[in-house]
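Sequence lines, in order, name chains Z and E. Under numbering that gives the first Met the number 0, think of the first position of the first sequence as 0, with each following residue one higher. Under numbering that gives the first Met the number 0, think of the first position of the second sequence as 0, with each following residue one higher.
None of these hints come from the bench; they were simulated from the model. Among the clues, some could well be false.
[Claimed, not checked] Simulated crosslink set (BS3-like; lysine-lysine; CA at most 30 angstroms straight-line):
no.: 1; chain 1: E; residue 1: K215; chain 2: E; residue 2: K120
no.: 2; chain 1: Z; residue 1: K1; chain 2: E; residue 2: K215
no.: 3; chain 1: Z; residue 1: K154; chain 2: E; residue 2: K120
no.: 4; chain 1: E; residue 1: K215; chain 2: E; residue 2: K115
no.: 5; chain 1: E; residue 1: K120; chain 2: Z; residue 2: K1
no.: 6; chain 1: Z; residue 1: K1; chain 2: E; residue 2: K115
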Amino acid sequence: MKISRWFAQHWVMGVALLVLGYLFLPIAVVAGLSFNRPSSRLSYDFNEFTLDNWRNPCATSDMCDAVLRSVQIGFIATVAATALGTLMAFALVRHRFRGRSGLNVLIFLPMATPELVMGTSLLALFVAGGVPLGFWTIVIAHVMFCVSFVVVTVKARLAGMDRRLEEAAMDLYASEWQTFRRITLPLVLPGIVAAALLAFSLSFDDFIITNFNSGTTVTFPMYVWGAAQRGIPPQVNVIGTAMFLIALLLVLASSLRGRRARRAAVAVPVARPSSRS
Amino acid sequence: MSALAHVSTASGQPASPPPAAGPGRHRFLPYLLLLPGAAWLFLFFAVPLVQLAAASLYDPNGSLSTGYALTWAFGNYPTALQAYWPQFGRSFLYAGIALVLGLLMGYPLAYAIAQKAGRWKNLLLVCVVAPMFTSFLVRTLAWKTILSDNGWLVGLLRDVHLLGPDGRLLATPVAVVLGLTYNFLPFLVLPLYASLERLDYRLLEASSDLYASPLKTFRRVTLPLSMPGLIAGTLLFFIPATGDYINAELLGTPNQYMIGNVIDSAFLVRLDYPQGAALSFLLMSAILAVVFVYLRRAGTEEVL
Chain Z
0 MKISRWFAQH WVMGVALLVL GYLFLPIAVV AGLSFNRPSS RLSYDFNEFT LDNWRNPCAT
60 SDMCDAVLRS VQIGFIATVA ATALGTLMAF ALVRHRFRGR SGLNVLIFLP MATPELVMGT
120 SLLALFVAGG VPLGFWTIVI AHVMFCVSFV VVTVKARLAG MDRRLEEAAM DLYASEWQTF
180 RRITLPLVLP GIVAAALLAF SLSFDDFIIT NFNSGTTVTF PMYVWGAAQR GIPPQVNVIG
240 TAMFLIALLL VLASSLRGRR ARRAAVAVPV ARPSSRS
Chain E
0 MSALAHVSTA SGQPASPPPA AGPGRHRFLP YLLLLPGAAW LFLFFAVPLV QLAAASLYDP
60 NGSLSTGYAL TWAFGNYPTA LQAYWPQFGR SFLYAGIALV LGLLMGYPLA YAIAQKAGRW
120 KNLLLVCVVA PMFTSFLVRT LAWKTILSDN GWLVGLLRDV HLLGPDGRLL ATPVAVVLGL
180 TYNFLPFLVL PLYASLERLD YRLLEASSDL YASPLKTFRR VTLPLSMPGL IAGTLLFFIP
240 ATGDYINAEL LGTPNQYMIG NVIDSAFLVR LDYPQGAALS FLLMSAILAV VFVYLRRAGT
300 EEVL
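Put together the whole structure using the sequences plus the hints.
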């Protein structure tokens, strides 16, 4: 009787933990394989423990070139998409204007369209326009699909902001620019940073759209794709594990900061309401 | 700054609605803010779609080197569909099965995090997103190791006779569907979680106080209240899963190829642009049709 009641209350959690295990299994395998010396180029099985891959991650230099190129593309695309998207988010939340619903559709559609369709249609455009494919066509494509995600993220932050903070600043004779610089921007900044991180990770990890618009330029996902046919160097798993750890550190750091801000908010009864997130 | 903040937030009420267009100076400001981003989306998202439609009607006898002529060759569509309908159907079949599996796994996960996790909520949420921190392709390749013929999983399944002595997982439809489920599960879980998190636990208690069985409570209370998240999540899962070809390529064989593999090779290997464009356009129309019917049946269009 007791056992069945315990089961009735906890089986959902049990299933949830199993599913989390399913989600983490490949990560564990990637981390494990980063310490593996494969028996042959085309083997994906565990063979022998080694630290060589971590000691010498750039043993296959074209892989590191590809990672570097992905970082460059990701950086440029992130800056551009974050700027464009943030401006749009401000206009959407703060202003009334004609054509709002049409614009919303234009922003929503790229998130709902299969990457395959966006990739092939851009390729059709570039080829019809005689644009040589390469580094910059990848950047153009990445900015395109990142912008919508930036708009959505920044918009959410802006919409949850207390307008009266700005009104108070203006009442206290702050100029518009001062109000923006000292009140609005600091309050929206976490949203902008989150949007930029999202844009970078989308760009860094994109394969399908890049595949159609890269010409002979090789990004990290393109490198892995090509190598999957010729044989994957184990260093790929080092990069995969390192990416995972870096992102995890970023998340932990931001949540620690959030917790400290929340504690400060509890200590001072009248604190900023937006420190919640 | 903090001094200002203190003055004005003592009562912490929701933000006021956006104001009407301000005096003269601000009339054009929203358009200025919107112009660069909207222009970018128009030029590199909307215009290419038109170009894709045009390319799908090119004369199929042209080639990249001699140039294509727009001859309104609507025949490209039936020709392409006739040649590749198995891959087309497979895309929807695999994505559909993966979606069902995803729901079976994702719903309990989202529910547990939203309602049962207590102080572990945030940690578990990070755990859902964390697998996406590493590269999509590298994760998918890891499944190659897990499902390998020499791996422990195949060994175990052979030992308990769920697989024959020569049975495999890799290079089968099972592997491709498993990969699809894995790769898109977080997109399903996050919106579901957002819906379930807002679910008032007292409603569930009320339902069971009124002698509803747990199953009935789920069907009549939990499920309807989680509908917005469920709809958003299934779309976020289904759309990219249908268009995916990475899983079919890395975990399957040409016998498991989905429409994406065909489109990829039409554009990048065979250089048959009219056919690739026609298939791409067909895929988009088919997905839109499925989504539209689904939203109609689900009875809400608010998610859009």
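Going down the list of hints, with the structure as the test:
With a C-alpha separation of about 26 angstroms, the suggested pair E/K215 and E/K120 falls inside the 30 angstroms cut-off, and the hint holds. Taking the CA atoms of Z/K1 and E/K215, the gap is near 23 angstroms; set against the 30 angstroms cutoff, the hint holds. Simply put, Z/K154 and E/K120 have alpha-carbon atoms about 25 angstroms apart, close enough for the 30 angstroms limit, and the pair holds. Distance restraint check for E/K215 and E/K115: the Cα-Cα separation of roughly 19 angstroms lies within the 30 angstroms cut-off, and the hinted pair is therefore satisfied.
Our distance criterion of 30 angstroms between C-alpha atoms is met by E/K120 and Z/K1, whose separation comes to about 27 angstroms. Between Z/K1 and E/K115 the alpha-carbon distance is near 19 angstroms, which keeps this suggested pair within the 30 angstroms criterion.
No hint from the list above goes unmet by this structure.
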